[in-house]
Amino acid sequence: DTEVTQTPKHLVMGMTNKKSLKCEQHMGHRAMYWYKQKAKKPPELMFVYSYEKLSINESVPSRFSPECPNSSLLNLHLHALQPEDSALYLCASSQAPWRMSNSPLHFGNGTRLTVT
Amino acid sequence: SQQGEEDPQALSIQEGENATMNCSYKTSINNLQWYRQNSGRGLVHLILIRSNEREKHSGRLRVTLDTSKKSSSLLITASRAADTASYFCATVPNTGNQFYFGTGTSLTVIP
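Which chain is which? The protein sequence lines are A and B, in order. Heads up: the first sequence is residues 1 to 116, going by this note's numbering. Heads up: the second sequence is residues 1 to 111, going by this note's numbering.
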């Protein structure tokens, strides 16, 4: 089991639905990340929060909206998704933003999202 | 793409044999990390090697780094069936704002 908890584990949603993915860590890490991973591909960075502020948005479509309510929680709000958005969404955290230290990433087990 | 390239893409070996996978990258790096991913799970950090290090060991893992060739290798000795997973290298560049994952190697260890 990991120290980064993601819910739900699986999500099926229609293209008109609004849903949210949740991520929680209690390791005192100050950087949190969202990655998207397609089958047999490496994870692709979507967003980075550093000290609860959005520091990187990798040109992600606005139908994905991140939120960091506090240093332990990270949400990803989903609206009007497309079938090609179906993927494994991974949350990760690190002790400090990776540009400032040699902190490894700690990943959750992901949310398997299917858009119908 | 700034991604690293890994080879082989897939590797199948017998239990007890050694497994070697290679990673090549494009930019100058601060450090290079290796991660393992079991099917349908998150990635797990294995080992980190800094740009001023050439070799590092952790249990059955041995990592080498050649910054002049922009390449790294991961050796898993005395493999076990439980080592079956995908392995990704990840680079942290000196400049820029990305944390780049390689294309990955799928390892199958046959009992």
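Take these hints with a grain of salt, some might be off.
[Stated by the list, open to error] Straight line, CA to CA, 16 Å or less: simulated EDC-like cross-link-like pairs of lysine to aspartate or glutamate:
| # | chain 1 | residue 1 | chain 2 | residue 2 |
| --- | --- | --- | --- | --- |
| 1 | A | K41 | B | D66 |
| 2 | B | K70 | B | D7 |
| 3 | A | K18 | A | D85 |
| 4 | B | K70 | B | E53 |
| 5 | B | K26 | B | D7 |
| 6 | A | K19 | A | E3 |
| 7 | A | K40 | B | D7 |
| 8 | A | K40 | B | E5 |
| 9 | B | K70 | B | D83 |
| 10 | A | K22 | A | E52 |
| 11 | A | K41 | B | D7 |
| 12 | A | K9 | A | E24 |
[Said to hold, decoys possible] Some chain B residues judged to face chain A by a derived CB distance under 8 Å, without partners named:
| # | residue |
| --- | --- |
| 13 | R41 |
| 14 | L43 |
| 15 | L48 |
| 16 | R50 |
| 17 | N52 |
| 18 | F101 |
[To be verified] Label pairs and their in silico Cβ distance ranges:
| # | chain 1 | residue 1 | chain 2 | residue 2 | range |
| --- | --- | --- | --- | --- | --- |
| 19 | A | T16 | B | S51 | 32 to 40 Å |
| 20 | A | L73 | B | S12 | 36 to 44 Å |
| 21 | B | K56 | A | A39 | 27 to 35 Å |
| 22 | A | T116 | B | R50 | 24 to 32 Å |
| 23 | A | N70 | B | N38 | 45 to 53 Å |
| 24 | B | T27 | A | K41 | 14 to 22 Å |
| 25 | B | E55 | A | T16 | 52 to 60 Å |
| 26 | B | E15 | A | A96 | 19 to 27 Å |
| 27 | B | P111 | A | T5 | 43 to 51 Å |
| 28 | A | N17 | B | T20 | 39 to 47 Å |
| 29 | B | P111 | A | A96 | 24 to 32 Å |
It is worth saying that the hints were derived from the structure and are not from the lab. This one's a predicted model, so the numbers in the text were calculated from it and none came from an experiment. Think of the CB as a built atom: it goes at the ideal place given N, C-alpha and C, for glycine as much as any other residue.
Hint check:
1. K41/A <-> D66/B: Violated - the C-alpha atoms of D66/B and K41/A are around 25 Å apart, more than 16 Å.
2. K70/B <-> D7/B: Holds, because 14 Å separates the two Cα atoms, which is no more than 16 Å.
3. K18/A <-> D85/A: holds (14 Å)
4. K70/B <-> E53/B: holds (13 Å)
5. K26/B <-> D7/B: OK: K26/B and D7/B at ~15 Å, within 16 Å.
6. K19/A <-> E3/A: Violated: K19/A and E3/A sit about 23 Å apart, past 16 Å.
7. K40/A <-> D7/B: Satisfied, since the Cα-Cα distance of roughly 14 Å is no more than 16 Å.
8. K40/A <-> E5/B: holds (14 Å)
9. K70/B <-> D83/B: violated (26 Å)
10. K22/A <-> E52/A: At roughly 15 Å apart (the allowed maximum being 16 Å), E52/A and K22/A satisfy the hint.
11. K41/A <-> D7/B: Answer holds: K41/A to D7/B is near 14 Å, not above 16 Å.
12. K9/A <-> E24/A: The hint holds at about 13 Å.
13. R41: The hint holds - R41/B has a Cβ within 8 Å of chain A, the shortest such distance being about 5 Å.
14. L43: Nearest chain A Cβ about 5 Å off; hint holds.
15. L48: Interface hint status for L48/B: holds (6 Å vs cutoff 8 Å).
16. R50: Hint holds; R50/B Cβ to chain A Cβ min 7 Å, cut 8 Å.
17. N52: Violated, about 11 Å.
18. F101: Nearest chain A Cβ about 4 Å off; hint holds.
19. T16/A <-> S51/B: 32 to 40 Å: violated (48 Å)
20. L73/A <-> S12/B: 36 to 44 Å: holds (41 Å)
21. K56/B <-> A39/A: 27 to 35 Å: holds (31 Å)
22. T116/A <-> R50/B: 24 to 32 Å: Once the Cβ atoms are compared, 46 Å apart, the range 24 to 32 Å for R50/B and T116/A is violated.
23. N70/A <-> N38/B: 45 to 53 Å: At 30 Å between Cβs, range violated.
24. T27/B <-> K41/A: 14 to 22 Å: holds (20 Å)
25. E55/B <-> T16/A: 52 to 60 Å: holds (54 Å)
26. E15/B <-> A96/A: 19 to 27 Å: Because 39 Å falls outside the window, the suggested range is violated.
27. P111/B <-> T5/A: 43 to 51 Å: violated (32 Å)
28. N17/A <-> T20/B: 39 to 47 Å: holds (46 Å)
29. P111/B <-> A96/A: 24 to 32 Å: violated (41 Å)
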